[in-house]
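Asker: From first to last, the protein sequence lines stand for chains W and H. Residues 1 to 323 in our numbering are what the first sequence spells out, letter by letter. Residues 1 to 212 in our numbering are what the second sequence spells out, letter by letter.
Keep in mind that the hints were calculated from the coordinates and are not lab data. Please note: incorrect hints may appear among the correct ones.
[Said to hold, decoys possible] Calculated lysine-lysine pairs in the DSBU-like style (CA-CA distance at most 35 Å, straight line):
#1 W:K132 to W:K64
#2 H:K210 to W:K58
#3 W:K69 to W:K252
#4 W:K189 to W:K18
#5 H:K210 to W:K18
#6 W:K175 to W:K249
#7 W:K87 to H:K70
#8 H:K200 to W:K175
#9 H:K204 to W:K87
[To be verified] To be clear about the criterion: a stretch of chain H counts as covered by chain W if any three or more of its residues have a C-beta under 8 Å from a C-beta of chain W, and this derived list gives those stretches:
#10 50-57
#11 93-107
#12 171-184
Remember, it's a predicted structure, so these values are computed and weren't measured experimentally. We put the CB at the ideal spot given by N, CA and C, even for glycine.
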Amino acid sequence: MLPSFRYVRPRTVSEAVKALAAEGARAHAGGTDLLGCLRDGVFDAKSVVSLSGLDDLKGISPTKDGGLKIGALTTLAEVARHPGIAKGWPALAQGAAAAASPQLRNQGTLGGNLCQRPRCWYFRGDFDCARKGGEICYAVEGENTYHAIFGGSGCFIVHPSDTASPLVALRATVKVVGPKGARSLPVEKLFVLPAVDHTRETILAPGEVLTEVLLPPPLEGAKGLYRKVRSRGAWDFALGGVALALSVKDGKVASAGVVLSGVAPTPWRVPEVEKLLVGKALDAKLAAEAAELAVKGAEPMSGNDYKVPLVKGAVEEALLALA
Amino acid sequence: MADGKDDRNDLDTNGGVSRRGFLGSVVPAAVGVAVAREALSAPAAAPAVAELPAGEPAKLTLVVNGRTHKVLVEPRDTLLSVLREKLGLTGTKPGCERGECGACTVLIDGVARYSCLTLALEADGKKVTTVEGLMEGEELGPVQKAFVEEDAFQCGYCTPGQVMAAEGLLRENPEPGLDEIRHGMSGNLCRCGAYAHIFKAVDKAARFRKER
Ligand SMILES: Cc1cc2nc3c(=O)[nH]c(=O)nc-3n(C[C@H](O)[C@H](O)[C@H](O)COP(=O)(O)OP(=O)(O)OC[C@H]3O[C@@H](n4cnc5c(N)ncnc54)[C@H](O)[C@@H]3O)c2cc1C
Ligand code: SF4
Ligand code: FES
Ligand code: FES
Chain W
1 MLPSFRYVRP RTVSEAVKAL AAEGARAHAG GTDLLGCLRD GVFDAKSVVS LSGLDDLKGI
61 SPTKDGGLKI GALTTLAEVA RHPGIAKGWP ALAQGAAAAA SPQLRNQGTL GGNLCQRPRC
121 WYFRGDFDCA RKGGEICYAV EGENTYHAIF GGSGCFIVHP SDTASPLVAL RATVKVVGPK
181 GARSLPVEKL FVLPAVDHTR ETILAPGEVL TEVLLPPPLE GAKGLYRKVR SRGAWDFALG
241 GVALALSVKD GKVASAGVVL SGVAPTPWRV PEVEKLLVGK ALDAKLAAEA AELAVKGAEP
301 MSGNDYKVPL VKGAVEEALL ALA
Chain H
1 MADGKDDRND LDTNGGVSRR GFLGSVVPAA VGVAVAREAL SAPAAAPAVA ELPAGEPAKL
61 TLVVNGRTHK VLVEPRDTLL SVLREKLGLT GTKPGCERGE CGACTVLIDG VARYSCLTLA
121 LEADGKKVTT VEGLMEGEEL GPVQKAFVEE DAFQCGYCTP GQVMAAEGLL RENPEPGLDE
181 IRHGMSGNLC RCGAYAHIFK AVDKAARFRK ER
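Required output: the full structure, derived from the provided sequences and hints.
Answerer: Right under this line is the structure:
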């Protein structure tokens, strides 16, 4: 049985913000991650604030500038099968389709996918680790097969989301509404590295609700994809992966978003690779060079050095697929 | 699906007192009907916030397999536990209760979801279909029939969930190819490894549904 909590289902965003500002309140979108965390005692909830009554936060609609607005409560299944997203922002459609299982995509939302808690087995298990406010990171001396090779310090989770990296590559923004009003920020800025604060994954303050994701209009000659490598062919978190959002003009890369997944506590943007690609024709040599650069500076732990060649290969393959 | 049929007969929401139905309905002794509130079924002038205190049961209207049930639920009750323990619909199976195995799969508004990760209160106002609801009178429905004909199980524990996942898949995509079947069924694990037969059964079920 789940631990006991109060249930609140607001009908407006401002009521949701108010309910979420209360101590011990947790937002419930699809509930697929929240209920798992509550069941396993990862954290507790005095109250569960269900967002499911907020119809304004559901659905996908075009914006005036030719972009797309995706309500935070839109399910991953809807994102994955939306023909407009598959055409204009393929990395996102593929990321959503590659996440979790059919049932979880039917229930899990885009907002929840970005705000989900990490899957580190110590964190999910009975360990009072650093991310839960304890003293140590058990992954350092322990089992770290699925942990970070970039960006760790004090905590070495990998960000579990398959939509976050595509959204960063696509330079998407999110809108957040909280007690102090609304703000917009790049998806990239939503996430927090452990060096800044190892007890949280997003910058969301108590009471803040992620209300929508905004995709900028597709660039001319836009191409993209999301490549996810996992142990099984379906239903598994990424061992490593890469989201690409390129635009090609006159045979040359005009702009590039290259963001790794499954290897760092946040979606891991590699600006050096983005810079390398711009202005050049994408061919096998460039892809190999870019892949090499993408894993430069990787710091594998005792059990996850396989991730270095894995991600390198994924980047090269993904770039070649777009060449 | 003898199990499913029994459940249906067993369960008469209009006061049927089969043993299971009675045990399931817990109402009088534990909480007293007087405190049961209909907290969440939005009244005419819907308040801005619907709310239910921790541990306090409220009367929830659930539509399951076309029948309307009133059940007492508290905030932490999952749809899985309410289906099994309060409505006696034990076709829906508990497995991992963490979204990993698919044994608990049901349809909510026609879409496959895990009932273990769904609060009962979240099914408020939605149509729930369980494996019992796929029966066509006394006959097995097309997906159930295909699973039997293709011998798509060994121990059978995962089967109700597999059947519901297949039903959800076929409602969305009536003619899936093998690859689509494999992906569509990827949210359900089978410890006995009956996958090859399960995929065949889904393919056959698609044909049965078309011939109907
Ligand atoms: C077995 C399993 C396998 C999975 N595999 C994958 C995978 O391969 N790839 C992947 O990307 N994901 C995977 N997931 C995660 C799954 O996709 C997420 O559970 C889902 O996307 C979360 O969505 P939700 O709406 O159910 O979130 P919820 O569970 O409702 O919420 C998740 C968290 O975000 C917060 N939150 C939710 N919405 C908002 C909002 N709008 N504003 C502020 N905070 C919010 C909640 O408080 C909670 O802490 C898996 C999950 C499970 C259980
Ligand atoms: S990696 Fe992070 S979450 Fe995992 S044990 Fe270390 S501190 Fe905890
Ligand atoms: S019991 Fe629900 S997915 Fe395993
Ligand atoms: S038939 Fe035994 S678990 Fe699938």
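Asker: Please work out if W:K175 and W:K249 have their alpha carbons no farther apart than 35 Å.
Answerer: holds (31 Å)
Asker: What's the verdict on W:K132 and W:K64, does the C-alpha distance respect the 35 Å limit or exceed it?
Answerer: violated (43 Å)
Asker: Please work out if W:K189 and W:K18 have their alpha carbons no farther apart than 35 Å.
Answerer: Holds, at about 24 Å.
Asker: Taking only the CA atoms, is the gap from H:K210 to W:K58 under or equal to 35 Å?
Answerer: holds (33 Å)
Asker: Going straight from one Cα to the other, do H:K210 and W:K18 come out at no more than 35 Å?
Answerer: violated (50 Å)
Asker: Verify the coverage statement for the region 93-107 of chain H against chain W, using a C-beta to C-beta distance below 8 Å and requiring 3 or more qualifying residues.
Answerer: holds (count 5)
Asker: Counting residues of the region 50-57 of chain H with a beta carbon closer than 8 Å to any beta carbon of chain W, are there 3 or more?
Answerer: Since three or more residues must qualify, the claim that chain W covers the region 50-57 of chain H holds, with 6 doing so at under 8 Å.
Asker: Between W:K69 and W:K252, does the CA-CA distance stay at or below 35 Å?
Answerer: Cα-Cα ~29 Å, so holds.
Asker: Hinted pair, alpha-carbon criterion (35 Å max): H:K200, W:K175. Please report holds or violated.
Answerer: violated (45 Å)
Asker: Given the hint that W:K87 pairs with H:K70, test it: the Cα-Cα distance must not exceed 35 Å.
Answerer: Not OK: W:K87 and H:K70 at ~45 Å, beyond 35 Å, violated.
Asker: At least three residues with a C-beta closer than 8 Å to a C-beta of chain W: is that true for the region 171-184 of chain H?
Answerer: Our answer is that it holds, as 3 residues pass the Cβ test (under 8 Å) against chain W, meeting three.
Asker: Does H:K204 pair with W:K87 here, judged by a C-alpha cut-off of 35 Å?
Answerer: holds (33 Å)
The structure is inconsistent with the numbered hints 1, 5, 7, 8, although it conforms to all the rest.
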